[in-house]
Amino acid sequence: MIEGDDFVRTLQEIGFNFFTGVPDSILGGIISALMEQRLYTPAVREDEAVAMAAGAYMAGKIPAVLMQNSGLGTSLNTLMSLNLIYQQPCLLLVSWRGFQGKDAPEHLVMGQTMTQLLDTVRIPHRILSEPTAVDDVNWVAETFTKQRIPVALLIKKGVVKGLQP
Amino acid sequence: MRPEEGTIQSRARAIEAVLGLLTDQPVIICNGFPSREAFKLADRPTHFYMIGSMGVAPAIGLGVALVKPDKKVIVLDGDGNVLMGMGTLATVGALKPKNFIHVVLDNEVYGSTGNQPTLSRVVRLDQVAKAAGYVHVERVREREDLVYELKDMLGKEGPSFLLVKVTEQAEDVDRVPLEPVEITQRFKKAIE
Chain S
1 MIEGDDFVRT
11 LQEIGFNFFT
21 GVPDSILGGI
31 ISALMEQRLY
41 TPAVREDEAV
51 AMAAGAYMAG
61 KIPAVLMQNS
71 GLGTSLNTLM
81 SLNLIYQQPC
91 LLLVSWRGFQ
101 GKDAPEHLVM
111 GQTMTQLLDT
121 VRIPHRILSE
131 PTAVDDVNWV
141 AETFTKQRIP
151 VALLIKKGVV
161 KGLQP
Chain W
166 MRPEEGTIQS
176 RARAIEAVLG
186 LLTDQPVIIC
196 NGFPSREAFK
206 LADRPTHFYM
216 IGSMGVAPAI
226 GLGVALVKPD
236 KKVIVLDGDG
246 NVLMGMGTLA
256 TVGALKPKNF
266 IHVVLDNEVY
276 GSTGNQPTLS
286 RVVRLDQVAK
296 AAGYVHVERV
306 REREDLVYEL
316 KDMLGKEGPS
326 FLLVKVTEQA
336 EDVDRVPLEP
346 VEITQRFKKA
356 IE
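If you read the protein sequences in the order shown, they are chains S and W. So for the first sequence, the working numbering puts the first residue at 1; every next one is plus one. So for the second sequence, the working numbering puts the first residue at 166; every next one is plus one.
Derived from the structure by calculation, the hints contain no laboratory data. Note that the coordinates shown come from a computational prediction; the quantities given were computed from them, not determined experimentally. The beta carbon of each residue, even a glycine, is placed where N, CA and C say it ideally should be. There may be inaccurate statements among the hints.
With a Cα cut of at most 30 Å, we get these calculated DSS-like pairs of lysine-lysine [stated by the list, open to error]: (1) S:K102 <-> S:K156; (2) W:K353 <-> S:K146; (3) W:K261 <-> W:K295; (4) W:K263 <-> W:K316; (5) S:K146 <-> S:K156; (6) S:K146 <-> W:K354.
Okay, the calculated beta carbon distance ranges per label pair [to be verified]: (7) S:L163 <-> W:K261: 43 to 51 Å; (8) W:P234 <-> S:M80: 24 to 32 Å; (9) S:L76 <-> W:Q350: 23 to 31 Å; (10) W:T172 <-> S:R9: 55 to 63 Å; (11) W:D317 <-> S:L163: 40 to 48 Å; (12) S:T113 <-> W:Q350: 47 to 55 Å; (13) W:P210 <-> S:T145: 52 to 60 Å.
Partner residues are not named here, just some residues of chain W that face chain S (Cβ under 7 Å, in silico) [said to hold, decoys possible]: (14) S218; (15) V221; (16) A224; (17) L227; (18) T256; (19) K353.
Build the full structure now, drawing on both the sequences and the hints.
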């Protein structure tokens, strides 16, 4: 399992320097590592977070947004009518709730359809795994720079240490 | 307390008064008529014109304000927009960026879609902003009050919230002719 602070360090090494989002238990370890370093700006909704990331990007930062996949639903219009068309890139660190149908009922539809949803709105995505973590993060950096649009890294339970493993 | 009675101005006249007090500050302008009217009145590279993503103008402004603490960031917003993204009032109120000025042009209708009433005729958005933690909050109707209060806010530490009651009148204005990508790149460069 990847440690939260190691993951944050890796993201910082490739340039990410503005972090916002809405918490999820799977992302708990990453968020607490960010908060410890006072790097995290909390948002109240995911559409607010991606818009804040857009502002930070235009002000010169390289932003990442943390969210549960339910937040993709909340932020969809902002992603489509702001970040995607204005070409304001950000890294979406999305926890994959409802993966393989093993979760609370509210997560099941999104858990099953998330990758299709991302394909439909043309947000490039990749699943983070411990053995390929370096490649995954390099892929993010490359896609981010080349396409200048939001890029999603999907994080399943148990890949990065959460608050309660 | 400022008088509530008096000559109410059109949104375009209010935008004109706001832009008249600004020089090179970053300005985020919400979608719909406000962006179109602002573009026609005074286009500057420091303007970020929105065409979609209703409700998130202050969130974009907050992102800029946090990264550029030495620049006063102005958000030109509407009442329908604020109601849609009301949570961001809390985020601003909690984070308290000193360089953040939120100007809300309140015509009490959804002007871009046929003047359907918004809730701002019964819900006091200025009081919501106050409760959320904005440091300076003012509500004005007349142009001279708008100028007085905004000048004051530009010289103070915020976050500040200026509610400007305006008429439903919309100018005969075209869409902003710039491509979204061009708006991003121009704005990014202008605020470096």
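These are the hints, each one checked on the structure:
1. The straight-line distance between the Cα atoms of K102 of chain S and K156 of chain S is roughly 11 Å, inside the 30 Å bound, and the hint therefore holds.
2. Between K353 of chain W and K146 of chain S the CA atoms are separated by roughly 18 Å; this keeps the pair inside 30 Å, and the hint holds.
3. The suggested pairing of K261 of chain W with K295 of chain W holds, with an alpha-carbon distance near 12 Å, which does not exceed 30 Å.
4. Pair hint K263 of chain W plus K316 of chain W holds up; C-alpha atoms about 15 Å apart against a cutoff of 30 Å.
5. The suggested pairing of K146 of chain S with K156 of chain S holds, with an alpha-carbon distance near 26 Å, which does not exceed 30 Å.
6. With a C-alpha separation of about 19 Å, the suggested pair K146 of chain S and K354 of chain W falls inside the 30 Å cut-off, and the hint holds.
7. L163 of chain S and K261 of chain W have their C-beta atoms about 27 Å apart, which leaves the hinted 43 to 51 Å range violated.
8. The supplied range of 24 to 32 Å is met by P234 of chain W and M80 of chain S, whose beta-carbon atoms lie about 31 Å from each other.
9. Here the CB-CB span from L76 of chain S to Q350 of chain W is close to 24 Å, well matched to the stated 23 to 31 Å.
10. The beta-carbon spacing between T172 of chain W and R9 of chain S, approximately 59 Å, falls within the hinted interval of 55 to 63 Å.
11. In this structure, D317 of chain W and L163 of chain S meet the distance hint of 40 to 48 Å, their C-beta atoms being roughly 45 Å apart.
12. At about 34 Å, the beta-carbon gap between T113 of chain S and Q350 of chain W misses the expected band of 47 to 55 Å.
13. Look at P210 of chain W against T145 of chain S: about 24 Å separates their beta carbons, and that is not inside 52 to 60 Å.
14. The beta carbon of S218 of chain W comes within 4 Å of a beta carbon in chain S, closer than 7 Å, and the hint placing it at the interface holds.
15. Against a cut-off of 7 Å between C-beta atoms, the interface hint on V221 of chain W holds, since the closest Cβ of chain S lies about 4 Å away.
16. For A224 of chain W, the interface hint holds, the least distance from its beta-carbon to any beta-carbon of chain S being 4 Å, beneath 7 Å.
17. Given hint, L227 of chain W at the interface with chain S, holds; its Cβ is 5 Å from that chain's nearest Cβ, closer than 7 Å.
18. Of the supplied interface hints, the one on T256 of chain W holds, with its beta-carbon coming within about 5 Å of a beta-carbon of chain S, less than 7 Å.
19. Of the supplied interface hints, the one on K353 of chain W holds, with its beta-carbon coming within about 5 Å of a beta-carbon of chain S, less than 7 Å.
Checked against the numbered hints given earlier, this structure breaks hints 7, 12, 13; the rest are met.
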